[in-house]
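2 protein chains.
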Amino acid sequence: MTYTFKIEHTRIPKQKPATDQLGFGKIFTDHMFILDYTEGQGWHDGRIVPYQPILLDPSAMVFHYGQTVFEGMKAYITVNGEVSLFRPERNFARLNASNARLCIPTIDEELALEALKQLVKLDRDWIPTAENTSLYIRPFIIATEPYLGVSPSKKYQFIIIMSPVGSYYAEGINPVKILVEKQYVRAVAGGTGEAKTGGNYASSLKAQEVAAKEGYAQTLWLDGRENEYVEEVGSMNIFFKINGTVVTPALNGSILPGITRDSMLQVLRKHNIPVQERRISITEIIEAHKQGTLEESFGTGTAAVISPIGQLKFEGTEYVINNGEIGEVAQLLYDTLTGIQYGKLEDVYSWTVIVK
Amino acid sequence: MTYTFKIEHTRIPKQKPATDQLGFGKIFTDHMFILDYTEGQGWHDGRIVPYQPILLDPSAMVFHYGQTVFEGMKAYITVNGEVSLFRPERNFARLNASNARLCIPTIDEELALEALKQLVKLDRDWIPTAENTSLYIRPFIIATEPYLGVSPSKKYQFIIIMSPVGSYYAEGINPVKILVEKQYVRAVAGGTGEAKTGGNYASSLKAQEVAAKEGYAQTLWLDGRENEYVEEVGSMNIFFKINGTVVTPALNGSILPGITRDSMLQVLRKHNIPVQERRISITEIIEAHKQGTLEESFGTGTAAVISPIGQLKFEGTEYVINNGEIGEVAQLLYDTLTGIQYGKLEDVYSWTVIVK
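Chains as they are written, first to last, in the working numbering: chain A, 1 to 356; chain B, 1 to 356.
The hints are simulated quantities; they were obtained by calculation from the structure and are not laboratory data.
Owing to the predicted nature of the structure, the values given are computational and were not obtained by experimental measurement.
Hints are not guaranteed to be accurate.
What the hints assert, rightly or not - Below, a sample of chain A positions facing chain B; criterion: calculated Cβ distance under 7 Å:
#1 Leu56
#2 Tyr147
#3 Gly149
As the list claims (entries may be wrong) - So these bits of chain B aren't anywhere near chain A, every CB distance computed over 10 Å:
#4 Pro17
#5 Lys26
#6 Trp43
#7 Val79
#8 Arg87
#9 Glu89
#10 Arg94
#11 Tyr168
#12 Ala217
#13 Glu287
#14 Tyr319
Stated by the list, open to error - Derived list of chain A stretches under chain B, where covered just means 3 residues or more per stretch with a C-beta under 8 Å from a C-beta of chain B:
#15 22-30
#16 67-77
Using N, Cα and C, we set each Cβ at its ideal position, and we do this for glycine too.
Could you build all of it, start to finish, from the sequences and the hints given here?
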């Protein structure tokens, strides 16, 4: 099926940033995609327009009741000079899963992917080319009906914006120190933890602030029922290598089903590295550390691909993991994913989508 | 202390709605209040301007990470023709409590109250005068920094908008049917349940949809840890009268500290009606119903004041309360609060703030 979108080109192209000024999520490309939803009419009027502010009534529901969902993915310039997306169809499928939880009407995933391809093609020159740089892509949906009643909105906007981003590890992969959080909870069974929605991130800010004050980079979240089972780290999924087996919390409804997480699991299985998706308690982690079998730990997500954990602090005690260095498995996974993303390795998993 | 705000009057006053077209939260007055926050500068540039759309970058954090808080209160025209606010200083205190949980800088509560008074005075003619109508007031704060990093915003807007609203009970107080929710969870200890923030409301929509499909008006929320202890009903606090004693869940961190709830407790104590704030399980409620001691139940909040519960459905069984009629205590509380709000009863609690 072919989708045709109206395209309004910018008249004032912005200056592109130098590689060393990229950072993350502060600079945006020349264009954006917008799709409107109106009850009774469905999603309509998909269009590419110059990057521009959004005009909303102050009573628009997004300002009051948090009915939002979003996604995060990247476009890469491969070593062959092609434009590559990494499993974008999975992001739009997850966006629809989030929509279902938040009572937002589902989008046409094919249409969304086609819109993204056209937008990326139009702003192709914004994809940075220096090593390990990329174009961060942020599709999101906001409830726009001007109404203060607590009910699903009758109007929405689906928007895609894009931001050129620098190398996450400009100075080499640096393992981080993580604080295990016992007071604040990110999500609970029956809540919105497995949806990518604003409220999950808003509720995480306080614990993040506490961790930062103590000199820790991120929070390790435990479950909301028993404050005992490991869920995520910051806004990443988490993995542990214990006595040769890689363990990650099973998707239980309160954990985000990460696309990087899923990709890691596939790579691990392909390499015949023992892997388990199961419930894992903080007590088990600490016990493994005491017995010398906690060999590695790392977070996984779109931004960093892998973020090795060099130290955990739990109930006042610090536990150093793998001498605070990146482990072999983390390095293998990082090299494999980035290798495929930048076209340096053969994509035996059929993950990449080349934008022609 | 005196606060002076720049006032820009509307040039095109809108037509005011007829009493029978008021509804809730769809019509807004001629003016709004805006206060900006910029890191390093603090809150600044408080101003009253014509009611108008907000212009925000599509990367503004409110669209992505749900960093929002809000309040809800009302202005009334009393039987003496005065303009009365009900405990507004409590709303701004709670707004600041929500701010603290959401890592939003606190506001000057005196300034906020003064801004509200000036705004209400300016749009005084928008307060409807028909019986049990009022002006609904919505102060809210949104994170406006254009940045996709997950961290507290460095820019915010505090805004007050106002909406004339009709009588909640135009056809008399009508008890509602409530579905006890076992699958979805509104909030959990350690989460954001006691803050008035968008994410709590976004996460409630799905259960509300399920309840509506089964013909129920609202969801009765149980706690997120054990799915056993009663927390709230819809977006109201909940009360039960069991064997002559009025019981409401104690504020435990995941329950909204309702200002109507607090007012009800004061009225009950003044009338020497036995009252308990404590943990209360759904098992106890059902048991009391079976023994014939569940005499009343009702929700309390700004919109309805009191919403009597005529029927509970739990695990497939329906439990009718007080023959589906409003109870004596609910009626007393409703009459007392609305009596004070509209100046029909002496305000022995010093709750009302008259706008001169």
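Item to check | Reported absence of Val79 (chain B) from the contact zone with chain A (all CB gaps over 10 Å) | outcome: Given a closest Cβ separation of 27 Å, the condition holds.
Checklist entry - Once the closest CB in chain A is found, is it more than 10 Å from Trp43 (chain B)? => result Consistent with the label, Trp43 (chain B) stays out of reach of chain A, its closest Cβ about 18 Å off (over 10 Å).
Checklist entry - Does the claim that Ala217 (chain B) lies off the interface hold, with its Cβ farther than 10 Å from every Cβ of chain A? => result Check passes; 12 Å lies beyond 10 Å.
Next on the checklist: Holds or violated: the hint that Tyr147 (chain A) contacts chain B, with Cβ atoms closer than 7 Å.
Outcome noted: Constraint on Tyr147 (chain A) satisfied, holds at 6 Å.
Checklist entry - Minimum Cβ distance from Gly149 (chain A) to chain B below 7 Å? => result Hint holds; Gly149 (chain A) Cβ to chain B Cβ min 5 Å, cut 7 Å.
Checklist entry - When you look at the beta carbon of Pro17 (chain B), is every beta carbon of chain A farther off than 10 Å? => result At about 15 Å from chain A, Pro17 (chain B) clears the 10 Å cut-off, so the statement holds.
Item to check | Glu287 (chain B) non-interfacial with respect to chain A [C-beta, more than 10 Å] | outcome: Check passes; 24 Å lies beyond 10 Å.
Checklist entry - Minimum Cβ separation between Lys26 (chain B) and chain A greater than 10 Å? => result violated (6 Å)
Next on the checklist: Restraint: Leu56 (chain A) near chain B, CB-CB cut 7 Å. Satisfied or not?
Outcome noted: Given a least distance of 6 Å, the restraint on Leu56 (chain A) holds.
Next on the checklist: The output says Tyr168 (chain B) does not contact chain A. Does that hold with a beta carbon cutoff of 10 Å?
Outcome noted: holds (12 Å)
Next on the checklist: Is the claim that Glu89 (chain B) lies outside the interface with chain A correct, judged by CB distances over 10 Å?
Outcome noted: Label holds. Min Cβ-Cβ 22 Å, cutoff 10 Å.
Checklist entry - When you look at the beta carbon of Arg87 (chain B), is every beta carbon of chain A farther off than 10 Å? => result holds (20 Å)
Of the numbered hints stated above, the single one contradicted by the structure is hint 5.
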